[in-house]
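Chemist: Put chain E on the given structure of chain B with help from the hints.
Heads up: the protein sequence lines correspond to chains B and E, in order.
Using the UniProt record's numbering, the first residue of the first sequence is number 1, and each one after it goes up by one.
Using the UniProt record's numbering, the first residue of the second sequence is number 1, and each one after it goes up by one.
Think of the hints as simulated: they come from the structure by calculation, not from any bench.
One thing to keep in mind: the hints can contain errors.
Remember, identical chains collapse to one label, so a pair may be satisfied in a single copy or spanning two.
[As the list claims (entries may be wrong)] In silico DSS-like cross-links for lysine-lysine, where the CA-CA straight-line distance does not exceed 25 Å:
no.: 1; residue 1: Lys249; residue 2: Lys103
no.: 2; residue 1: Lys318; residue 2: Lys211
no.: 3; residue 1: Lys387; residue 2: Lys325
no.: 4; residue 1: Lys376; residue 2: Lys391
no.: 5; residue 1: Lys206; residue 2: Lys325
no.: 6; residue 1: Lys177; residue 2: Lys325
no.: 7; residue 1: Lys244; residue 2: Lys227
no.: 8; residue 1: Lys325; residue 2: Lys211
no.: 9; residue 1: Lys368; residue 2: Lys206
no.: 10; residue 1: Lys58; residue 2: Lys249
2 protein chains.
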Amino acid sequence: MSIQVKPTYEPLNEQTVLDVVKPLDFFDAVEQKSLLVKEIGDGNLNLVFHIEDPSSNKALIVKQALPYAKVVGESWPLTLDRARIESEALLREAESVPHLVPKVYYSDSTLAVTVMEDLSDHVILRKGLIEGQTYPNLAEDIGTFTAKTAFYSSDFYLHPFEKKEQVGRFSNPELCKITEDLVFTDPFFNHDTNDFPAELQNEVEKIWNDKELLREVAQLRYAFLTKAEILLHGDLHSGSIFVKHDSTKVIDPEFAFYGPAGFDIAHFIANLALNHLSQNAHAKEPFNRESLQTYLLQTIEKTWNTYSETFTQLWNEKATDPFAKTEGVLENFLQKTFQEAIGYAGCEIIRRTIGLAHVADLDSIPQKEVELFYKKKALELGSALIKNQEKITNIKELTDWIRGA
Amino acid sequence: MSIQVKPTYEPLNEQTVLDVVKPLDFFDAVEQKSLLVKEIGDGNLNLVFHIEDPSSNKALIVKQALPYAKVVGESWPLTLDRARIESEALLREAESVPHLVPKVYYSDSTLAVTVMEDLSDHVILRKGLIEGQTYPNLAEDIGTFTAKTAFYSSDFYLHPFEKKEQVGRFSNPELCKITEDLVFTDPFFNHDTNDFPAELQNEVEKIWNDKELLREVAQLRYAFLTKAEILLHGDLHSGSIFVKHDSTKVIDPEFAFYGPAGFDIAHFIANLALNHLSQNAHAKEPFNRESLQTYLLQTIEKTWNTYSETFTQLWNEKATDPFAKTEGVLENFLQKTFQEAIGYAGCEIIRRTIGLAHVADLDSIPQKEVELFYKKKALELGSALIKNQEKITNIKELTDWIRGA
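Extracted from the complex, chain B is given alone in its bound form (with noise of 0.2 Å):
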């Protein structure tokens, strides 16, 4: 298979695309006649190709980095490599967690391309879960995601030269500080990048005038900037998970670099919070909104245990660290991972609710009162669990927090 690609960078439209596509062997000859291609992504971060052959139903993506991101109607330049690290971390997820991934048939970091899987049968969680959707797998499915990728790619099992080989390899400045300033730093703050309507003028300020709470989410942001613990995904929110009934696949990691290992499942956390409280807004009858808030702190709970179980048996097997024995080592590092990520889980419900990026969740809510009510409520349960960290010490507390935001 010889692969011809352009020798220099530039943006892909639906003709070139088919250059990139044609060498793969992924279509034979005579799919390769009748390809139909279309670019379905949003051209905010980067250009999303599907390619079909109508007549087998085969299908791929590809997806390209565009230099620059465009959020607010403002453009700035944003580093092509999240190609190569999204296709990295995609390769290296796929070693503990094949099933949860989308496949990657081939990446070119000159033309800041992957190719992959096409998942069209699936829908974005988010969309999944305002619409009223469960899914049995999901909780099951994350929890081991990020248990996997967590164990494996920590120092508890990996020689130290290839952790610290990998640390340097999914180094990711500029992606990480759009989450420094966007997710740890702007909302907490007079700053213009937020956004959130007159009448919530009151609540933002008492964030702002909170120093307690200043304090928290700053050793927080601090330890996203210090703690290489463990190749994060990122940016594990809802609308980074495709899904289908018996199927969830992780998708997007550009955002990967080593972390705080409680990050990722706080943010799969604090988004199914968020939509937990949005239901009550969302969901048509009483029974049905109960029947689907129990769905999502059972599924809360759920990945959480599964995580904790799933890290628990790899570590009992395979870990290497020479203090894995040594009785109550594992329970440390499981506890602490617990209230940190029960941190940064308010700190994304509170970014969600007033930064500049926000969830459907919420603003999808049709009623303006009713969406300002629940967007305080969002607020509080932020600032509470950032506050409680240290109080809330297992899940079943966490999930009394949620249900009682």
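Modeler: Just chain E now, kept in the frame of chain B:
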């Protein structure tokens, strides 16, 4: 100035070292004719040449890394990259504390060579302290060194892109592994690198069986592996410090890497604490002993206070961290660093007593039973510090523990 270096690595000798030195324009044409060359290293890890023009007394040092380490008669390969790390760390340190490190005149990473200031008029601090010398500037100098090198390499000051670039540049897996093994692992298990007299077997087994202690060591070790806070010297014991009455020079940063903020100052304190203990045997007269020990404890206290005050001043004047002005954030950092330092000091005290690399302070005690007595005291002190990290909340309480040992 044209530098003619050999294209590949080979160990220098008293002739070939002149090929490195002569093109540097350090010695003029006349001086170059009468240079005296002496190899003064111990040959275990590095070649060290002292090159002097006897008429002018101008001199410099050429240090060349050897591609192996010799310890207890065994040889194992060791990366030459440590010479690059050392010279880059010296240059980096010189940006904030030029008066506290040897000047670097030239470096060559292929030859693994650093040409630097001659400090023959200084003595190694450990030697001076064992002989009962005191150095009035020591605390202020080391407090300043640790505070400035910490602050200027941290996320509190650097742009995250530069910080992450520095983390990559100072990735130092091979030398970190030596610390991971010899400081944090082997002494806490029955490992053949350990070295202690049979009379200590009971005390050593007590350490190996102390689960509470091992859990704390596991956490300190994990932080060493994962927390990339500041550019550390990485080996700041009293053998890495050159002194004369009014001058302090921190040398040999070949272990430099980004690690936990409390690590360097902990090693300095631990080595003073070991000297403090050994003065019970070394000091000739009670009065002499008392004043020496008072000096050592005051030096520990003043070092921490200088560190803390210098760091605070830099923070107030130059921190770029968005939470720098939030009440309590600096205090949290200093408190965490202090507690962590107590733990690291405990590990250093233990490993210098029963691990592979000992300190002359204890090993040179002439009477065997006196040596054993103070080695037991050292093990008790080290264990107590590790287990009381959270209870010891200020520097006076720490020196009380050391005084009481």
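Chemist: With reference to the structure, classify each hint as holding or not holding.
Modeler: Hint check:
no.: 1; hint: Lys249 <-> Lys103; verdict: within (10 Å within a copy, 55 Å between copies)
no.: 2; hint: Lys318 <-> Lys211; verdict: between (43 Å within a copy, 21 Å between copies)
no.: 3; hint: Lys387 <-> Lys325; verdict: between (33 Å within a copy, 19 Å between copies)
no.: 4; hint: Lys376 <-> Lys391; verdict: within (22 Å within a copy, 40 Å between copies)
no.: 5; hint: Lys206 <-> Lys325; verdict: between (46 Å within a copy, 17 Å between copies)
no.: 6; hint: Lys177 <-> Lys325; verdict: between (37 Å within a copy, 20 Å between copies)
no.: 7; hint: Lys244 <-> Lys227; verdict: neither (34 Å within a copy, 39 Å between copies)
no.: 8; hint: Lys325 <-> Lys211; verdict: between (40 Å within a copy, 10 Å between copies)
no.: 9; hint: Lys368 <-> Lys206; verdict: within (21 Å within a copy, 66 Å between copies)
no.: 10; hint: Lys58 <-> Lys249; verdict: within (19 Å within a copy, 68 Å between copies)
Hint compliance for this structure: hint 7 is the single one not met.
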